[in-house]
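Residue numbers (the working numbering), protein chains in the order written: chain A, 57 to 613; chain B, 57 to 613.
By construction, these hints were calculated from the structure, which means they are not laboratory data. Glycine is no exception: its CB is placed at the ideal position from the N, C-alpha and C atoms. Any given hint might turn out to be false.
[As the list claims (entries may be wrong)] Reference listing, derived: stretches of chain B covered by chain A, where coverage requires no fewer than 3 residues with Cβ under 8 Å from a Cβ of chain A:
#1 395-406
#2 503-513
[As the list claims (entries may be wrong)] Subject to a maximum C-alpha distance of 27 Å in a straight line, what follows is the list of computed DSS-like cross-link-like pairs (lysine-lysine):
#3 A/K369 <-> A/K386
#4 B/K517 <-> A/K589
#5 B/K536 <-> A/K536
#6 B/K517 <-> B/K497
#7 A/K447 <-> B/K414
#8 A/K386 <-> B/K478
#9 B/K517 <-> B/K506
#10 B/K422 <-> B/K369
#11 B/K249 <-> A/K386
#12 A/K473 <-> B/K386
#13 B/K422 <-> A/K478
#14 B/K506 <-> A/K567
#15 A/K447 <-> A/K250
#16 B/K249 <-> B/K473
#17 B/K478 <-> A/K289
#18 B/K517 <-> A/K517
#19 B/K312 <-> B/K250
#20 A/K435 <-> A/K386
#21 A/K473 <-> B/K414
#22 B/K594 <-> A/K517
#23 A/K216 <-> A/K70
[What the hints assert, rightly or not] Here chain B is said to cover these stretches of chain A; the calculated rule only asks that three of the stretch's residues, wherever they fall, bring their Cβ under 8 Å from a Cβ of chain B:
#24 285-291
#25 404-417
#26 444-457
#27 525-535
#28 600-609
What follows is each chain in one-letter form.
2 protein chains.
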Amino acid sequence: MTDGTKEYTDVPDKGLFFVALGGVGEIGMNFYLYACDGDWLAVDCGVGFAGDRLPGIDMLLPDPSFAEKIAPRLKGLVITHAHEDHIGAVATFWPGLRCPVYVSAFGAEMLETRLDEAGLLGRVPVRIFEQGDLLDLKPFEIELFSINHSIPEASSLLIKTPYGNVFHTGDWRFDEDPVVGDPVDYKALRALKKEKILALVGDSTNVFVEGDIPSESAVKTALTELFAAYKGKRLIVTCFASNVGRIESIAEAAEKNGRTVCLLGRSLWRVEGAGRAAGYFRGVPVFLTEEEAAEHDPSEILYLCTGCQGEPKAALSNISYGTGAVQPVKGDVVVFSSRVIPGNEQAIANIQNRFIAKGIEVITVKEALVHVSGHSGRKDMAKLYEFLKPKIAVPVHGEAAHLYEHAGLAADCGVEKTVIVKDGDVLCLSSEAPEIIGEVKTGVLARDRKQIIPLNAGVLKQRRRMIDEGTVVATVVLDKKGMVSGPVQFSAVGLIENTDPVLQQMDAAVKQAVDLLAAEKRSDDQIVADTVKSAVRKVVMETHGRRPMVETHLVRI
Amino acid sequence: MTDGTKEYTDVPDKGLFFVALGGVGEIGMNFYLYACDGDWLAVDCGVGFAGDRLPGIDMLLPDPSFAEKIAPRLKGLVITHAHEDHIGAVATFWPGLRCPVYVSAFGAEMLETRLDEAGLLGRVPVRIFEQGDLLDLKPFEIELFSINHSIPEASSLLIKTPYGNVFHTGDWRFDEDPVVGDPVDYKALRALKKEKILALVGDSTNVFVEGDIPSESAVKTALTELFAAYKGKRLIVTCFASNVGRIESIAEAAEKNGRTVCLLGRSLWRVEGAGRAAGYFRGVPVFLTEEEAAEHDPSEILYLCTGCQGEPKAALSNISYGTGAVQPVKGDVVVFSSRVIPGNEQAIANIQNRFIAKGIEVITVKEALVHVSGHSGRKDMAKLYEFLKPKIAVPVHGEAAHLYEHAGLAADCGVEKTVIVKDGDVLCLSSEAPEIIGEVKTGVLARDRKQIIPLNAGVLKQRRRMIDEGTVVATVVLDKKGMVSGPVQFSAVGLIENTDPVLQQMDAAVKQAVDLLAAEKRSDDQIVADTVKSAVRKVVMETHGRRPMVETHLVRI
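Chain A with its partners taken away, still in its complex shape:
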């Protein structure tokens, strides 16, 4: 991830090229482009999560400016699946792209809310595809290949071009007995080899995971047994909201144990709506609201909550603090049917500790098979290379560590050429050997509520500095002689309490410093402001050990 900007490179008019605008060197912000003889195809358009490093910022976006530049020749945007890191930036960037968006039925339902919020509903040409369909976006022809993942209707793309075929995996795994969708058609997959795969552009997420990843059905079985073991107790379960298969697993396991699922949290209800509209949750009883569940004995209910990553305002966090829909008591059981996304370890542990301290049992993947990953481990990655025999491997969807490990794995699988690219690198796939021929502008933007700003924006720098050193605004009134008139008014929000006697010290220091200036200097606003700044800083440094930003509002009367 870089803050800076890079120079445009024009991509040649002839040949086949791959460019990642986001998704390489980071997990998140997937936004990929393919160029073939001057025409372009976009694959996915997602957001990233900012974590704690950017104050006041929840969400990151890849810089779309290069995509906007080639937009006139963009044949379409194909969405592999509906996770936010693949679909979450579509509504934001579409006005600059204005191309058709190809997406599955479930993905279209998930997209609808976002387009609606952005006032784009009905304006964006959303083309719903079924897996197995062939999209004709000449010079690209795209075969949509059904693959398993932790969300319904995930697709791998076989992108056929005059220069050869690229298999773009999207996020994927093999699941021989999935809860939603079908197992991957190995035979069809193996048959692709005959079409000669020039390059595989593939998910690196679980390249460090050895061994088999159990089927989602195994989770369903384990949950059924687990719920049976806790008969009579109150069960509070959390999972990723978009994991429709998991929600079905939980609901079926609950039903077999005489429990009905109550959904707690907005994103679960949103996915429930999108899922039902796209034909999921068919065999599952209607979910209960908080109010409906309250009429039942807790032993007949299973509370399914948002907040498995320790999100501070989600349903599970509220419950752990005792401010949620359910008052947790000793003897309750909390199940994390989810993994820990790196960076969220402590937030999750804090919630778990709050429950444990109340005598509540917490069950995670450490205790039972309550979660499996939606990404293949290295074993199935090797199997895919064996099936497809690509000439070139291009690892994506990973931090540097994942990409390098994935490249090594591909080489071990006999792939002739592996190329590690950075966001923005223009990779030529049509030359004798794959070659990075230049780079285009990329970068990371932050969604600052209603504004989209660069990571090096002044407000972000100031926000960091406000945290480290604080801010003081001083309003100084100067009379005709340029002497300070009346008390100096200070605001030092987040730095000095309004009742702190240091404010009197600051007042005295400012008055003394300004009044001691020569008359001609007192008539110079900049000199007065600098004098105020250094007087304030000196006091705050002594008393608070901080060197605040100081802004002076001068009023001359």
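Place chain B on chain A using the hints.
Quick look at chain B alone, frame taken from chain A:
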């Protein structure tokens, strides 16, 4: 951890009591008290690390007010070892405690810098003990029992009282071949059983760790082999600065491979100084400074850096950004001879990814035995219970999950009574059965540079709100009629750039809102301020989606 305050409970004059002021329910801020017939003993006095949750705060402290209340009857403060979470608050709190501080020679060296910074050098009665000594602090008699840990001279305390003996483990492990200090004297330890152990107050850190934890010597061997395998390459190693044994292991492994260690980072040099003063690093060649190392070929040097937890300004982070003492290049090797402290996962991964993206190999405990823990796993914890056969187990030094697991382990080991306490609980150990009889005031304080403030301090709330919603300070000049005179001056640091045209909108909105007030309302400062606030908020909400705090500086002319 609680923000609130609890009521004092007077601890009875008769009997034996244990109170944790910090260290239970969290890892960090260890501060324990024992009372015997009205006299008091303190064990450890440490800080905690705030992580990312408190903006502008690096360090947490346990609320010392109860300790200050009983200070007149405090016989002494015994430090088990010199880690910051056990010793880091001594200099801050001593003026309120004013008791002798008992500490080992190495601990005294580490303490000296802090006392010096606090202007307390020479004022604090520091009593240096040797392990095996008996401290007579009647009614307490304390036997200092040498134990292994990841810092020199760690002690367990056998606290003898008229009501029975308490074994306070401190942080501990068994190491049959340590690099500094001696193996634990099992025979002596087993002999303690004869003295009847009433209670064991014990470290819970690694209660989830199964299996044996290898000796520090095994790390030395592994490092020696590892460095041999990377002959000729530049080696950059990081470890915890206070781990004198590890530094010796690294230095010896380097020497065997024809390399001299160059120390990078202030805390490593500080520990080197304290270590040499206390008699460590005897067989180790003099460490090189950055300037000295620059005169050698990189293949003859081993760079040992601070920053193994991804600390943003430490030596390793600087190197990873290319702004450090060494310019990292493809082919270099970086070794993390350390563990990942929960909460630091992403910060560490970011540094590792920066190296990997440059073609630099990163080696961690996943690849080689380059680190072992200083805390015993459950196997050795069980062994200790077997050795000592305490009647009561009191798990400390852990989050809730650790404490509950530790209590279960102790019960499995045949310990009759296990008690889980919270910070502040007054645990009576002299009654028939251990019993929590009340609680004393506890809490968490934050070190805000030169100030010590409660976690619920206004400035911290404001700082959080500044990040979430922003602040605007508006200086409004009103003429004799109460009409706005001249432009309104705004400061919206970290929220709105100075060049943002929204400032004009805010100016117009404020003028309109104030000027439209009835004349008598315009003469009321509070009404004017409220009017300014709501006008500013409305504009910022529309343009920036934030609801800022607004402070108004009114100037009437």
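A quick look at each hint next to the structure:
Note: the segment 395-406 of chain B has 5 residues with beta-carbon separation from chain A under 8 Å; the three-residue rule is met and the coverage holds. Check on the segment 503-513 of chain B: 5 of its residues sit with their Cβ under 8 Å from a Cβ of chain A, so the three-residue criterion for coverage holds. For a cut-off of 27 Å, the pair hint linking A/K369 to A/K386 stands: about 23 Å separates their Cα positions. Between B/K517 and A/K589 the alpha-carbon distance is near 25 Å, which keeps this suggested pair within the 27 Å criterion.
Taken as a hint, the B/K536 and A/K536 pair is honoured in the structure, with Cα atoms around 18 Å apart against an allowance of 27 Å. About 22 Å separates the Cα atoms of B/K517 and B/K497, which keeps this hinted pair within 27 Å; it holds. Between A/K447 and B/K414 the CA atoms are separated by roughly 25 Å; this keeps the pair inside 27 Å, and the hint holds. Restraint check: the Cα-Cα separation between A/K386 and B/K478 comes to about 16 Å, which is no more than 27 Å; the hinted pair holds.
Among the hinted pairs, B/K517 with B/K506 is consistent with the structure: their alpha-carbon atoms are about 18 Å apart, no more than 27 Å. In summary, the hint linking B/K422 to B/K369 is supported, as the alpha carbons are separated by about 25 Å, within the 27 Å threshold. Under the criterion of a C-alpha separation no larger than 27 Å, the hint pairing B/K249 with A/K386 is inconsistent with the structure, at around 36 Å. Only pairs whose Cα atoms come within 27 Å are accepted, and A/K473 paired with B/K386 is accepted, the gap being roughly 20 Å.
A threshold of 27 Å between alpha carbons decides the hint, and for B/K422 with A/K478 the separation of about 26 Å falls inside it, so the pair holds. For the given pair, B/K506 sits about 25 Å from A/K567 by alpha-carbon distance, which is consistent with the 27 Å threshold. Of the pairs offered as hints, the one joining A/K447 and A/K250 holds, with about 13 Å between alpha carbons and a cut-off of 27 Å not exceeded. Distance hint between B/K249 and B/K473 is fulfilled; the C-alpha atoms sit about 17 Å from each other, no more than 27 Å.
A C-alpha spacing of about 26 Å is found between B/K478 and A/K289, which places the hinted pair at or below 27 Å, so the restraint holds. Proximity of B/K517 to A/K517 is assessed by CA-CA distance (about 20 Å); at most 27 Å being required, the pair is judged to hold. Taking the CA atoms of B/K312 and B/K250, the gap is near 46 Å; set against the 27 Å cutoff, the hint is violated. For a cut-off of 27 Å, the pair hint linking A/K435 to A/K386 is broken: about 42 Å separates their Cα positions.
For the hint pairing A/K473 with B/K414, the CA-to-CA distance comes to about 19 Å; that is within 27 Å, so the pair holds. For the hint linking B/K594 to A/K517, the alpha-carbon distance of about 25 Å falls within 27 Å, and the restraint holds. Taken as a hint, the A/K216 and A/K70 pair is honoured in the structure, with Cα atoms around 16 Å apart against an allowance of 27 Å. A stretch counts as covered by a chain when three or more of its residues have a beta carbon under 8 Å from one of that chain; for the segment 285-291 of chain A and chain B the count is 0, and the coverage is violated.
Check result for the segment 404-417 of chain A against chain B: holds, 6 residues qualifying (beta carbon to beta carbon below 8 Å, three or more required). With a cut-off of 8 Å between beta carbons, the segment 444-457 of chain A has 3 residues touching chain B; three or more are needed, and the interface restraint holds. For the segment 525-535 of chain A, the assignment as covered by chain B holds, since 5 residues bring a beta-carbon within under 8 Å of that chain's beta-carbons and 3 suffice. Figure legend: the segment 600-609 of chain A, annotated as covered by chain B; annotation consistent (6 residues with Cβ-Cβ distances under 8 Å, at least 3 required).
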